[in-house]
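S.K.: Below are the chains, spelled out letter by letter.
Protein chains: 2
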Amino acid sequence: MTASLLEQLIEALRVLPGVGQKSAQRMAYHVLERNRDGGKRLADALAAAVERIGQCSDCRDFSESEVCAICASNSRDAHLLCVVETPADRLAIEQATDYRGLYFVLHGRLSPLDGIGPRELGLDRLAGRLADGGIQEMIIATNPTVEGEATAHYLAQLARQHDVRPSRPAHGLPLGGELEYVDRGTLSHAFGSRSEVP
Amino acid sequence: MTASLLEQLIEALRVLPGVGQKSAQRMAYHVLERNRDGGKRLADALAAAVERIGQCSDCRDFSESEVCAICASNSRDAHLLCVVETPADRLAIEQATDYRGLYFVLHGRLSPLDGIGPRELGLDRLAGRLADGGIQEMIIATNPTVEGEATAHYLAQLARQHDVRPSRPAHGLPLGGELEYVDRGTLSHAFGSRSEVP
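As given, the protein sequences belong to chains A and B, one line each in that order.
Position one of the first sequence corresponds to residue -15 (this note's numbering), numbered consecutively onward.
Position one of the second sequence corresponds to residue -15 (this note's numbering), numbered consecutively onward.
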């Protein structure tokens, strides 16, 4: 016996992150019972997105067109380039900060054991952009993990080879947090990098 | 400026229960970055389900065909009818118990203030099935909430009118729970309905 449409839908919903059997059931029933129009819209949006969203040829961020809106914009500061690991990181920076430069999305981090080297991260294309001139500062916003740090180190060398100034966002105590609950690594780093009160 | 495909997808994902802006973003990025095939399958499954899943003409459960698999089955006990509020309740009973009778799905509960009366719950169709004879016992498995109890009371009267024996699942302490953490209403009910140890 082949699976029913309902079973197929529940199985298919599990492709979403954080959705297990029980959540998938609840989602399927919710859509069928209360919001079939919304379900139709979601099916259409998903099909269109999967089909038509590719990568921007300049920054490798997700884009429907050859060049994404940010890369195509005249109002961005082309002297600044921010390198991030994922499109979600790019979005977080765009939403939280007033950064107005350009981006480059690695879609990963250097991880030789997983077979992810400079080529997989598009670093040849990044090197090409640095070589073109125009970029003065490269903000390396990889995650503060072991692999992210290794990637940052590699990227900083790449920047210096092209006479571009590499920089990193500040690391230290998060605002609004309590000292007591900050992890040891962060606290130790924050003490080591303390600055004099002016 | 119209919303991008990515923005449309994130917005559309919020139709799913328990999915807010942040989860929707994460889902959209996950699908685009790691599992486009899965995304395509989900889009197809969703479109097909929304389009083709209707209600069984006998039990009102979700069904692709005129009559659902359970109602059409010869191996079910047609003397037993279990009335539930939602298809999810039906599935939970089917998965957890060895009940082999038939079902009737209300798709709701009596709630006069929301304009949900006997007609909206398909009780005319239920009365028709009871009048046809054949059903000896009707298990009323509505939720133990105020509205569910009111619905159960109404259904019990309906069953008696057609000489069908109404019954309810036992209410009391959940197995494996600790007495200390059981809510007061359940504990009080369990004490009131205590039975002698044989």
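No lab work stands behind these hints, which were simulated from the structure alone.
Among these hints, one or two may not hold up.
Dumping the calculated DSS-like pairs for lysine-lysine here, alpha-carbon to alpha-carbon at most 25 Å [as the list claims (entries may be wrong)]:
1. K24/B x K6/A
2. K6/A x K24/A
3. K6/B x K6/A
4. K6/B x K24/B
5. K6/B x K24/A
All figures in this text were calculated on a predicted structure; none of them were measured in a lab.
S.K.: Below or equal to 25 Å on CA atoms is what counts here, so check K6/B against K24/A.
M.R.: holds (22 Å)
S.K.: If you draw a straight line from the CA of K6/B to the CA of K24/B, is it 25 Å or shorter?
M.R.: holds (22 Å)
S.K.: Please verify whether K6/A and K24/A have alpha carbons no more than 25 Å apart.
M.R.: holds (22 Å)
S.K.: Please work out if K6/B and K6/A have their alpha carbons no farther apart than 25 Å.
M.R.: Status holds; Cα separation ~21 Å.
S.K.: Has the given pair, K24/B with K6/A, been kept, meaning a C-alpha gap of at most 25 Å?
M.R.: Satisfied, since the Cα-Cα distance of roughly 22 Å is no more than 25 Å.
Going down the numbered hints, you'll see the structure goes against none, and every one checks out.
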